[in-house]
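Chains as they are written, first to last, in UniProt numbering: chain S, 1 to 265; chain Z, 1 to 454.
Read the hints as simulated data drawn from the structure, not as lab findings.
Note that beta-carbon positions come from the ideal geometry of N, C-alpha and C, so glycine has one too.
One or more of the hints may lead you astray.
[Unchecked claim] Examples of chain Z residues toward chain S, derived with CB under 8 Å: (1) 141; (2) 195; (3) 196; (4) 199; (5) 333; (6) 343.
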Amino acid sequence: MNDLRLFERAQAVDETKISAKGVNVHYGAAHALKDVSVEIGDRRVTAFIGPSGCGKSTFLRCLNRMNDTIPSARVTGRIELDGQDIYDPRVDPVQLRAKVGMVFQKPNPFPKSIYENVAYGPRIHGLARSRADMDAIVEKALRRAALWNEAKDRLNAPGTGLSGGQQQRLCIARAVATEPEVLLMDEPCSALDPIATAQVEELIDELRQNYSVVIVTHSMQQAARVSQRTAFFHLGHLVEYGETGQIFTNPRDPRTESYISGRIG
Amino acid sequence: MTDLPANGPAGSIPVHRPARSILETDARTRARNRAEARFRAYGLGALLAGLAFLAILLASILWNGLGAFTQTRLALPVELTESELDPEGTRDPAALAKVSTFGYEDLLEAAMARLVAEEGIATELEPGDLADLLSSGAAAQVRDAVLADPSLIGRTVTFDVLAASRVDGYVKGRVTRESLADDRNLSPAHLDVADALIADGDLTRGFNPAFVLGADASEKRPEAAGIGIAMLGSLYMMLVVLGLSLPIGVAASIYLEEFAPKNRFTDFIEVNIANLAAVPSIVFGILGLVAFIQFAGLPTSAPLVGGLVLTLMTLPTIIIVTRASLKAVPPSIRDAALGVGASRMQAVFHHVLPLAIPGIMTGTIIGMARALGETAPLLLIGMVGFVASNPPDGVLDGFVSPNSAMPAQIYEWAKRADPAFYERAWGGIIVLLVFLLLMNLAAVLVRRRFERRW
Numbered sequence: 001m002n003d004l005r006l007f008e009r010a011q012a013v014d015e016t017k018i019s020a021k022g023v024n025v026h027y028g029a030a031h032a033l034k035d036v037s038v039e040i041g042d043r044r045v046t047a048f049i050g051p052s053g054c055g056k057s058t059f060l061r062c063l064n065r066m067n068d069t070i071p072s073a074r075v076t077g078r079i080e081l082d083g084q085d086i087y088d089p090r091v092d093p094v095q096l097r098a099k100v101g102m103v104f105q106k107p108n109p110f111p112k113s114i115y116e117n118v119a120y121g122p123r124i125h126g127l128a129r130s131r132a133d134m135d136a137i138v139e140k141a142l143r144r145a146a147l148w149n150e151a152k153d154r155l156n157a158p159g160t161g162l163s164g165g166q167q168q169r170l171c172i173a174r175a176v177a178t179e180p181e182v183l184l185m186d187e188p189c190s191a192l193d194p195i196a197t198a199q200v201e202e203l204i205d206e207l208r209q210n211y212s213v214v215i216v217t218h219s220m221q222q223a224a225r226v227s228q229r230t231a232f233f234h235l236g237h238l239v240e241y242g243e244t245g246q247i248f249t250n251p252r253d254p255r256t257e258s259y260i261s262g263r264i265g
Numbered sequence: 001m002t003d004l005p006a007n008g009p010a011g012s013i014p015v016h017r018p019a020r021s022i023l024e025t026d027a028r029t030r031a032r033n034r035a036e037a038r039f040r041a042y043g044l045g046a047l048l049a050g051l052a053f054l055a056i057l058l059a060s061i062l063w064n065g066l067g068a069f070t071q072t073r074l075a076l077p078v079e080l081t082e083s084e085l086d087p088e089g090t091r092d093p094a095a096l097a098k099v100s101t102f103g104y105e106d107l108l109e110a111a112m113a114r115l116v117a118e119e120g121i122a123t124e125l126e127p128g129d130l131a132d133l134l135s136s137g138a139a140a141q142v143r144d145a146v147l148a149d150p151s152l153i154g155r156t157v158t159f160d161v162l163a164a165s166r167v168d169g170y171v172k173g174r175v176t177r178e179s180l181a182d183d184r185n186l187s188p189a190h191l192d193v194a195d196a197l198i199a200d201g202d203l204t205r206g207f208n209p210a211f212v213l214g215a216d217a218s219e220k221r222p223e224a225a226g227i228g229i230a231m232l233g234s235l236y237m238m239l240v241v242l243g244l245s246l247p248i249g250v251a252a253s254i255y256l257e258e259f260a261p262k263n264r265f266t267d268f269i270e271v272n273i274a275n276l277a278a279v280p281s282i283v284f285g286i287l288g289l290v291a292f293i294q295f296a297g298l299p300t301s302a303p304l305v306g307g308l309v310l311t312l313m314t315l316p317t318i319i320i321v322t323r324a325s326l327k328a329v330p331p332s333i334r335d336a337a338l339g340v341g342a343s344r345m346q347a348v349f350h351h352v353l354p355l356a357i358p359g360i361m362t363g364t365i366i367g368m369a370r371a372l373g374e375t376a377p378l379l380l381i382g383m384v385g386f387v388a389s390n391p392p393d394g395v396l397d398g399f400v401s402p403n404s405a406m407p408a409q410i411y412e413w414a415k416r417a418d419p420a421f422y423e424r425a426w427g428g429i430i431v432l433l434v435f436l437l438l439m440n441l442a443a444v445l446v447r448r449r450f451e452r453r454w
């Protein structure tokens with residue numbers, strides 16, 4: 001996983017999962033995201049890189065309408081999930097977020113037990129018919145998040161008592177427990193130490209088997225390690241989007257080149 | 001990597017930093033250290049002064065008020081003569097009730113004269129004067145006993161009757177022979193009799209449960225006044241306050257904090273709630289008078305109305321505290337809940353509200369404690385004054401039957417002329433303070449109990 005043989009990475013059949021066209025975001029008077037169009041493939045990892053304040057997290061939060069919770073945010077343009085407009089008035093953001101899960105920058109487990117953290121999503125969406133069903137869902141989610149072996153003996157211990165890396169994996173387990181189709185990750189490793197980061201990165205690579213993963217990261221090495229496609233944002237513009245290998249070895253835009261070589265940002 | 005030009009004006013500002021050993025302090029450092037020491041001294045001084053005043057306050061409250069919890073009583077054998085009370089001998093309750101308390105006065109006078117004679121106390125006082133040693137409520141006490149049990153008629157029964165407030169004051173050291181010189185109720189000769197009765201063990205001072213449990217009494221009988229019914233009035237008001245202000249306040253806070261759009265209108269409401277918390281409480285009293293009594297037609301002096309007024313007064317406090325508690329819940333918890341597809345309502349009720357509960361509970365208890373101590377708004381709805389109240393007929397009747405409240409009762413006693421009521425007022429303050437302390441203790445315990453431990 002940690003190799004940098006970028007060109008040899010197998011590309012799956014490229015099916016578009018999310019398609020964004022001409023997306024603009026305003027926070028009050030501030031124009032945070034300017035005319036972004038991007039196609040995000042299914043069952044692959046897409047990385048958003050760029051300096052702080054470039055709009056990558058803003059764009060990520062558009063994809064599951066988390067920006068709705070910010071009163072001053074205004075989103076225009078069209079974002080489609082499987083060809084359906086997610087900003088259609090008929091779409092209930094609650095249902096959308098069950099399909100498009102999210103993992104946040106800072107691990108934010110609920111102050112409840114590990115079991116309850118994972119079971120919460122399935123419970124409110126009515127995914128389990130019995131206690132045994134729920135147990136199975138929790139175990140599956142924790143296994144997918146590579147936390148089962150560490151947590152199976154203390155499922156009733158508080159989730160906030162885990163280490164930072166374990167907490168983040170618990171948040172990933174919580175996100176995958178609702179069986180989403182897309183997993184959005186907003187700098188999931190920025191609060192973690194290198195060992196925990198490696199574990200989460202490994203996990204992301206495995207999650208790719210089942211989900212379309214979009215990850216925002218500040219670390220270009222991380223983007224290079226885990227993603228198949230990379231989008232470079234700068235000052236609210238999507239500057240360049242392409243195969244990760246191409247972006248890092250042969251960027252077309254001089255700004256991308258400056259950023260990945262450390263001259264701006 | 002610096003904005004300072006190498007040879008520019010900023011670079012050439014001379015710096016006076018004389019070479020000096022760190023082992024010796026320079027004048028500036030000494031001055032700063034002195035300033036800090038002075039500030040600490042001010043703080044400590046203020047603290048000690050505050051504690052001293054608190055100690056003086058508590059000591060004077062206890063000194064003045066503890067007397068109200070004891071009362072002087074006289075064990076008086078009263079001959080309940082049939083010829084006076086039931087001339088026809090029918091024991092018919094209707095006939096017995098025809099004899100007013102006036103009719104019992106003679107019995108008490110006779111009983112006093114006999115007691116004084118039996119104990120061999122020499123006095124020049126007439127029997128009618130001797131009866132002044134007793135509370136003016138004594139006749140009613142004997143009459144009530146007879147009406148409750150007519151078989152007592154014809155026997156000599158020993159009643160534990162209250163001594164008059166002057167006698168009680170003499171036993172407690174408040175009344176002296178000098179202070180009685182101008183008194184129309186009692187003369188020094190009475191006190192001689194009282195001394196003799198004390199020596200014989202007939203006149204004793206004991207714990208007075210009627211002060212904590214009983215009702216207020218008229219100006220003539222300070223010895224019989226109690227704060228119990230007013231306490232009941234306060235309790236009923238607190239039930240109304242809790243039952244209304246907690247759900248309304250918490251629901252309003254959740255709506256304003258989590259759901260309401262942030263615009264000029266909600267800003268306006270927010271500012272107004274903050275201002276309402278600072279509105280003088282008597283203004284709420286006027287509002288209550290107009291809205292609940294004059295407009296809605298609710299009864300005056302009723303704890304229900306008092307509770308409604310205090311609810312209005314407590315709501316802003318509860319809303320402010322609840323909103324602060326909700327704000328203090330980290331936004332990441334909301335994000336986490338929304339991120340797994342919870343609705344906003346679910347995010348609030350499953351995750352945010354449980355974390356805010358300790359703060360809400362503490363704020364509610366503190367707000368209720370404040371409401372418990374309020375007098376001013378009750379002035380306008382007729383709960384301050386001599387509210388001749390009896391225990392309510394039932395649990396629900398307690399909400400509407402005329403009543404007072406503890407602080408209103410204290411105020412009422414404090415403004416009456418008789419110094420015996422002064423002691424009552426201080427005693428009432430002790431009772432009120434005990435309640436306030438208990439409520440604050442509850443706030444601390446609730447906070448400890450529900451505080452998030454992980």
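Comparing the hints with the structure gives:
1. Hint status for residue 141 (chain Z): violated, given a least beta-carbon distance of 61 Å to chain S, over 8 Å.
2. Hint status for residue 195 (chain Z): violated, given a least beta-carbon distance of 71 Å to chain S, over 8 Å.
3. Taking 8 Å as the C-beta cut-off, the interface hint given for residue 196 (chain Z) is violated, the closest approach to chain S being about 73 Å.
4. Annotation: residue 199 (chain Z) was flagged as interfacial toward chain S, and the flag is violated, the nearest CB pair being 71 Å apart, outside 8 Å.
5. A hinted interface residue such as residue 333 (chain Z) counts as satisfied when its beta carbon comes closer than 8 Å to some beta carbon of chain S; here the least separation is about 6 Å, so the hint holds.
6. Because the smallest distance between the Cβ of residue 343 (chain Z) and any Cβ of chain S comes to about 5 Å, under 8 Å, the interface hint for this residue holds.
The structure is inconsistent with the numbered hints 1, 2, 3 and 4, although it conforms to all the rest.
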